[in-house]
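Sequences and hints are given; from them, build the entire structure.
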Amino acid sequence: MNRFFLSLILSSFLIIGSSSIASAATLPTLNLDLNGKTEVVPNATVESWVTLDTRTVLGSKTLSEIENTGYCPVSYSFCDLAMQSKKRLFVHTELTTDIDKAKIATFLSELALRTDSDPKDAVFSGTEDGTITVSQKEIYGYAMKQDVALTVLTEALQNSNHSPLIVSLPGALTEPKIKSADIDKLGVKELIGTGTTNFKGSPKNRIYNIKRALEQFQSIIIAPNEEFSFVHYLGEVDGEHGYLPELVIRNNKTEPEFGGGICQVSSTVFRAAIYSGMKITERRNHSYPVQYYKPYGLDATVYVPKPDFRFQNNTGHHIMMQSEIVGDTLNFRFFGTDDGRTTTLDGPHILSRGGDGSMKTIFTQIVKDKDGQEMIKDSFASNYKSPSLFPHPGEEQKKLTSKPDDWSSRQWREYKKLNP
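Residue numbers for the sequence shown follow my numbering, beginning at 1 and rising by one.
Where hints are given, some of them may not hold.
[Claimed, not checked] Pairwise CB distance ranges, derived in the manner of DEER restraints: (1) D238 x K137: 27 to 37 angstroms; (2) G347 x P404: 20 to 30 angstroms; (3) A181 x G235: 38 to 48 angstroms; (4) K370 x T281: 22 to 32 angstroms.
[To be verified] Derived SDA-like pairs (lysine to any residue); straight-line CA-CA distance at most 20 angstroms: (5) K103 x D147; (6) K101 x K179; (7) K37 x L111; (8) K417 x R250; (9) K145 x P170; (10) K103 x V40; (11) K204 x V290; (12) K279 x K368; (13) K179 x A223; (14) K204 x E215; (15) K37 x Q146; (16) K200 x P245.
Just so you know, the hints here were simulated from the structure itself, not pulled from any lab data.
Every residue, glycine too, gets a C-beta built ideally from N, C-alpha and C.
Listed below in structure tokens is the structure:
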């Protein structure tokens, strides 16, 4: 039999009470430092990670704590064969630490959810005269390096012999995309276009929803060539996100739904984009003429997820959107760099108007560069149906059995399609 193996057998006889001592041993109080903030880990949590035990070892310098090293529970000839009496003087016990890395990794993952933070961009404000100021400085984010933190914390627990144990967990600051000092570099320095609508006569829920939606579009920065999506920035529209029920056009009806009135915002942004010379990439008019969007033809309806309103920033510089409500008037201003372009509108023109309230309109956006060369010439046609096809709550729609004299054949076909 191997002599070393025999020595282990012997030492197991000599050492009495060598067993798990996790409950008896005192684990260090653990304090974690994360980016200057202290997180105190409950002792029960640390105990769930660490198992303390003892093991018998043969050293050459540390004398044995065994009172009678000459004792042999079997024959002395066996003990002498396994380990000479001289060597037994140096048989002693050591404390061992077993670390459950999986539990620590889970803890660090949950800790990161509470302590990590996203960076916040600087926020700029613009006035009607084109003055740009920094209204809110940027804030750096922080992200724990969880893999490295696991190694650091595991080694600290294995090697610690004092309490409290303070461990600095590694992490990194995350930079915001837009900083206060970037204002000149971005090219956001002057007013380049304005859009305006009036919501006079709106019920209180509609006004509330307009103001709530504006929170999503304040001081948005749009990069050169970036396509702006209204629905993307709008986000979720429901009671949980702070919207109230108000009338919307949906499913061939005018009925209450969370967010009614948001199209006041999208239509105003549409006008600001048009007058700023932006390239419109997606726009749809409302199903029937709505009084809040006069002059008719300059509206843009939206509904999550479709239809959306989109445009492309074609200025070669960043642009910033800024909104303001004055009385019953909603204004959107676009700030950027004036590249000398000019924007004119031909229209909107009412091409036809039916006795049932239906209407067709058109306008053309003409954008020329500083040298007078035409950059954009896009026409936007709107085909509004009769409001009677979209009854309000409580309204009983009288079913027609024959075509009214002032209706066209197309209108009558549309009516029968919606009202079989």
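Practice item. For the pair supplied as a hint, K204 and E215, confirm whether the alpha-carbon distance does not exceed 20 angstroms. Key: holds, 17 angstroms
**Study point:** Pair hint K103 and D147, alpha-carbon separation not exceeding 20 angstroms
**Key:** Given that 20 angstroms is the threshold and the Cα spacing comes to 13 angstroms, the pair holds.
Check your understanding: Given the hint that K101 pairs with K179, does the C-alpha gap stay at or below 20 angstroms?
Key -> Answer violated: K101 to K179 is near 39 angstroms, above 20 angstroms.
**Study point:** Hinted pair K37 and L111, Cα distance within 20 angstroms
**Key:** holds, 12 angstroms
**Study point:** Distance restraint hint 38 to 48 angstroms, applied to the beta-carbon atoms of A181 and G235
**Key:** violated, 29 angstroms
Exercise for review: Could you see if the CB distance from K370 to T281 stays within 22 to 32 angstroms?
Suggested key: Holds - the Cβ-Cβ distance for K370 and T281, about 24 angstroms, lies within 22 to 32 angstroms.
Practice item. Take the C-alpha atoms of K37 and Q146, compute the straight-line distance between them, and say whether it is at most 20 angstroms. Key: Holds. K37 to Q146 sits at ~16 angstroms (cutoff 20 angstroms).
**Study point:** 20 angstroms limit on alpha-carbon distance, applied to hinted pair K103 and V40
**Key:** Since the Cα atoms of K103 and V40 sit roughly 17 angstroms apart, the hinted pair holds (cutoff 20 angstroms).
Review point. Taking only the CA atoms, is the gap from K279 to K368 under or equal to 20 angstroms?
Key: holds, 12 angstroms
Exercise for review: Quickly compare the C-alpha distance for K200 and P245 to 20 angstroms and report which way the hint goes.
Suggested key: holds, 19 angstroms
Exercise for review: Sort out whether R250 lies within 20 angstroms of K417, counting only the CA atoms.
Suggested key: holds, 16 angstroms
Check your understanding: Is 20 to 30 angstroms right for how far apart the beta carbons of G347 and P404 are?
Key -> At 29 angstroms between Cβs, range holds.
Of the hints listed earlier, those the structure fails to meet are numbers 3, 6, in rising order.
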